[in-house]
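K.L.:
Sequence order for the protein chains is A and B. Numbering follows numbering that gives the first Met the number 0, in which position 154 of the first sequence is assigned residue number 153; successive positions increment by one, without gaps. Numbering follows numbering that gives the first Met the number 0, in which position 205 of the second sequence is assigned residue number 204; successive positions increment by one, without gaps.
Since the hints were made in silico from the structure, they are not lab data. Misleading hints may appear alongside valid ones.
[Said to hold, decoys possible] Computed beta-carbon distance windows for the label pairs:
#: 1; chain 1: A; residue 1: GLU297; chain 2: B; residue 2: ASP182; range: 28 to 38 Å
#: 2; chain 1: A; residue 1: VAL253; chain 2: B; residue 2: GLY234; range: 26 to 36 Å
#: 3; chain 1: A; residue 1: ARG131; chain 2: B; residue 2: ASP182; range: 43 to 53 Å
#: 4; chain 1: A; residue 1: SER284; chain 2: B; residue 2: ASP172; range: 15 to 25 Å
#: 5; chain 1: B; residue 1: HIS48; chain 2: A; residue 2: SER259; range: 42 to 52 Å
#: 6; chain 1: A; residue 1: SER259; chain 2: B; residue 2: ARG94; range: 51 to 61 Å
[Said to hold, decoys possible] Here are a few chain A residues that face chain B, going by a calculated C-beta distance under 8 Å:
#: 7; residue: ALA103
#: 8; residue: ALA193
#: 9; residue: SER240
#: 10; residue: GLY244
#: 11; residue: GLY248
#: 12; residue: ASN281
#: 13; residue: ASN285
Glycine residues also receive a C-beta, built at the ideal position from the N, C-alpha and C atoms.
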Amino acid sequence: MSSPLPQKKSLPSILKLPCVATNALYLGVRNIPRRKLLILATVIIANISLGTYLAFRGSTAPEVSTTVVNSVPIVDVIDDTGTRRSLSSLIGRVIVLQFINPEAVNQVDSISRMLTRFGAEISFVLITRDSRELRGRLPPLPHNAIIVQHNFAELKTIFKVPDCCERRFIFDNTGKLSYHDYYYEADLTARLNALLQKPLPPLSSALLESLDSLPNGLIFSAKEMTRRTKSGKAVITIFTSVRTGCPSGDLVRVLNRYASKRTDVSFLTLLPKSYMRSDIDNFKSNLGVKFPVERMEEALSKEYVRLVSLYGESQLNGIVLLIDRGTVTVVDTPNEVDLKLSQL
Amino acid sequence: MRKSPQTAECLLVLVLSLLAGSCTKEKSLSTESPEFAAKQRLQQQFDSHSAILSTVRQIKNGAGISFVVPSAIAYSEAGDLYVVDNNGQVVHRWRAGSNDVEVFLTQKAGTFDFPFAIQYAHNKLYVSDNDGIKVFSADGQFEKLIRTYFGIFSFAITARNTIMVNALVRNADSSDPLIVELDPNGKLIRGFGSRQNVQGHDGLADQAFLSLSNDQLFVAFKYRPTMEIYDIASGKLNRTVDIAHPVFRGLEKAMQDGEASSRNSPEQSLTPRYLAGIRTLRDRIFVCLYLPKPTIWELNENGQRVRQFEIASDSPALNIFGFDVRAMGSSATLSLGLTDPELSPSVLEMNTDLN
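Let's have the full structure, built from the sequences with the hints guiding it.
P.N.:
As C-alpha cells, this is what we get:
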C-alpha cells in the first residue's frame with residue numbers, strides 16, 4: 000500500500016517518521032509557491048553550472064563535459080584497486096551508480112540485495128567516502144561492480160549530490176538516465192527488470208498464480224468455505240507491516256468498518272509468519288480488530304517472500320483478496336479497496 | 000509505492016534547499032526558511048533577560064562521530080547520553096564525563112528499522128522504530144520487540160513499566176486519543192486526551208513530547224506553543240499552559256508576511272514549530288523552545304515560569320532534534336541535539352543549579 004513516507008524505504012538525511020509525519024528538515028512550510036521553486040531551481044542550476052566550471056577549471060579532478068546529468072557523464076573514475084576507467088565505457092549495460100554512506104546500514108543492505116540479484120547483468124558504480132569500510136560491509140563484488148573513493152567530493156558535485164546525502168542514478172543500456180532517487184528500494188526491482196527487458200506480469204496475475212499453486216492452507220480453505228456459505232464471500236488482507244501512521248493503518252480502519260457492517264462476509268487478516276501470538280493479540284486489541292487474524296503459513300509465506308523480492312514490499316503490503324464463491328480477485332490499488340468492499 | 004504530492008513537495012523543497020545551500024553560501028537553507036528567518040528576526044528584537052548557559056561538553060559531526068540524521072537523545076540514570084540516529088540506524092553512547100562517543104547499538108544488535116525516539120528507564124534502553132519498541136539491557140543486549148502497531152512520535156515509560164505513547168495516526172478522527180497507554184507487552188490499556196485533528200495538517204498539531212512525574216503526564220506540542228498536564232490516574236486534563244514566548248506571539252504573522260508576496264493561493268499554510276522537548280525533574284519542568292537561539296524554560300508544577308535560559312552555541316539551530324535533562328545533586332545537566340544552518344548535527348551539554 001502507498002504511503003507519503005513509506006514504511007520500508009528511507010530518505011537519506013531526511014528524518015524518517017513513521018509514515019504520517021514530515022521530516023525534521025522539512026521546515027514546517029507547506030505548499031511552497033511554485034513560482035518561488037521555479038526561481039530557486041533556475042538560480043540553483045545556474046550556480047551549479049558556474050560552480051562546477053570553477054571547481055574543475057585547472058584542477059586534476061575528473062574531466063567534465065556536461066553539467067546536466069541526464070546521461071552517463073564523460074568522466075574518468077579511479078576505483079579502489081587503482082584502475083582508471085571511463086564511465087562511458089560501461090555503456091551497453093544498465094548502470095546503477097550509487098553514492099553510498101557505509102555507515103548507513105539501510106543503504107548498504109539495499110545495494111547488497113541489488114548486487115546479489117542483478118550482479119551478473121548490471122554494472123554497478125559505488126561511490127563512497129570510505130571504500131575500505133564499504134567493501135568490508137558488502138558481499139563479494141561481481142566483476143562488473145566497482146567501488147570508487149577517489150575524487151569523491153568532485154563526483155558529488157558532478158552528479159549534484161548534496162554534501163549531506165546520497166543518491167542513486169540508473170542509466171539504461173544506451174547511457175540515458177532512466178531514473179534517479181535517494182536509496183529507495185520500493186519499486187527498484189521492478190524498474191531494473193523492466194530496463195533489462197524482463198518485464199514482470201501484473202502483480203495481481205502473479206499473486207493469483209502463486210495462490211493457485213498452494214494446494215491447501217488458509218486461503219485455500221477460505222475459497223472452499225465461500226462455496227458453502229450463504230453470502231459466498233470472504234475478504235482476506237495480507238500485511239507485511241502495519242502502523243497507525245501509515246496507509247496500512249488506514250486500511251485496517253476500512254476493514255473494521257466493513258466487517259462490522261457485513262457480518263455475512265468472512266473477514267480474515269494475515270500477518271507475517273515471524274509474528275508471535277502476542278503480536279496477533281496486540282494487533283487485535285490495539286487496532287480494535289474483531290475479525291480473525293492469523294499468521295501466514297509456511298507455504299504462503301515463502302510465496303510472499305518470493306513475490307516481495309520481485310515486486311518490492313511496498314506493492315505487497317496490504318493486498319486485499321476478495322473471494323466470491325471460490326473465485327479470487329486481487330485489489331492492489333489502495334483507492335479501490337473502499338469501493339470494492341462497498342460493492343460486496 | 001505511490002508517493003503523495005506532499006512527499007514530492009517535501010522532497011523538492013529539501014533537495015532544492017540543500018542544493019542551494021551547497022552551491023551558494025549566501026543563499027543557505029536558513030534564508031530559504033521563512034520560519035527560521037522570522038524566528039531569528041523576532042528573537043533579535045526581544046531582550047530575552049535569559050540566563051546564558053555555556054556549553055561544558057560538545058560532540059560535533061565528524062569529530063570522532065558520524066551522524067547521519069540523529070533524531071532523539073536520552074540520559075541514563077548513570078548520566079550516559081544516548082543519541083539515536085534515524086538514518087544511520089545506530090544508537091551512540093556518550094559516557095558521562097567522557098569526550099568520546101561510541102557506537103553502542105548497531106543494526107546488528109536489534110535490526111533497527113529507522114529508529115526514531117529513545118528513552119532510558121528502569122535500567123533499560125527503549126528505542127522506537129518502524130517495528131515497534133525495542134528493549135535493550137543496560138549493556139546493550141536485545142531483550143524484546145514490543146509490536147504496538149502505533150506510529151510512535153514520542154513515548155515515556157511509567158513507574159509501572161507501562162508505556163505512554165503519543166501516536167501518529169493517519170486521518171485521525173474524534174475517536175483517536177492524544178495519548179495511549181500500553182502494558183509492558185504493548186497491549187492497549189486505555190487512551191486519553193483530545194487531538195485537534197486539524198484538516199489537511201497531517202496530524203502535525205497533535206505531535207507532542209512526553210515526560211512523567213509521579214502522578215502527572217506533561218505533554219509539550221511541537222507545533223503548538225502549548226503544554227498540557229494530565230493526571231495519570233484518571234487521564235484527565237489538569238491544566239493547559241501557554242508557552243507565551245514573545246517570539247511565538249508574532250511568529251505566524253511574521254512568517255505569513257514574509258511569504259505573502261510569493262504565495263499563489265490563500266489556502267497555503269505555514270506551520271511553525273514551537274516546542275522541541277520536555278523533561279520533568281523533581282518539582283521542575285524544563286521545556287525546550289524551538290528557537291534559533293535555543294531557549295529553555297524552567298516551570299514549576301503549576302506551569303509558572305521560574306527561569307529562562309539561552310544556550311550559548313557557535314551557530315543558530317535550524318533544527319533541534321533532542322532534549323533531555325538529568326539531576327546531579329544540587330545541579331542539573333541539560334543536553335540539546337541541534338542541526339546548524341549548514342545541516343551539521345551536534346550535541347551540547349550544559350549545567351545549571353537546581354535552586
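K.L.:
Does each hint fit the structure? Answer for all of them.
P.N.:
Hint-by-hint comparison with the structure:
Checking the proposed 28 to 38 Å range against GLU297/A and ASP182/B shows it holds: the Cβ atoms sit about 31 Å from each other. At roughly 28 Å, the beta carbons of VAL253/A and GLY234/B sit within the given window of 26 to 36 Å. Remark: the range hint 43 to 53 Å for ARG131/A to ASP182/B is upheld by a beta-carbon distance near 47 Å. For the pair SER284/A and ASP172/B, the supplied restraint of 15 to 25 Å holds, since their beta-carbon distance comes to about 19 Å.
Taken as a hint, the range 42 to 52 Å is violated for the pair HIS48/B and SER259/A, whose Cβ atoms sit roughly 57 Å apart. About 53 Å separates the C-beta atoms of SER259/A and ARG94/B, a value consistent with the hinted range of 51 to 61 Å. Taken as an interface hint, ALA103/A checks out: its beta carbon lies about 5 Å from the nearest beta carbon of chain B, inside 8 Å. A hinted interface residue such as ALA193/A counts as satisfied when its beta carbon comes closer than 8 Å to some beta carbon of chain B; here the least separation is about 16 Å, so the hint is violated.
With its C-beta approaching chain B no nearer than about 7 Å, SER240/A sits inside the 8 Å limit, and its interface hint holds. With a cut of 8 Å, the hint placing GLY244/A at the interface with chain B holds, because the nearest CB-to-CB distance is about 3 Å. Nearest Cβ of chain B to the Cβ of GLY248/A: about 6 Å, under the 8 Å cut. The hint holds. For ASN281/A, the shortest C-beta to C-beta distance to chain B is roughly 5 Å, which falls under 8 Å, so the interface hint holds.
The closest approach between the C-beta of ASN285/A and any C-beta of chain B is roughly 5 Å, which is under the 8 Å cut-off, so the hint is satisfied.
Checked against the numbered hints given earlier, the structure breaks hints 5 and 8 and satisfies all the rest.
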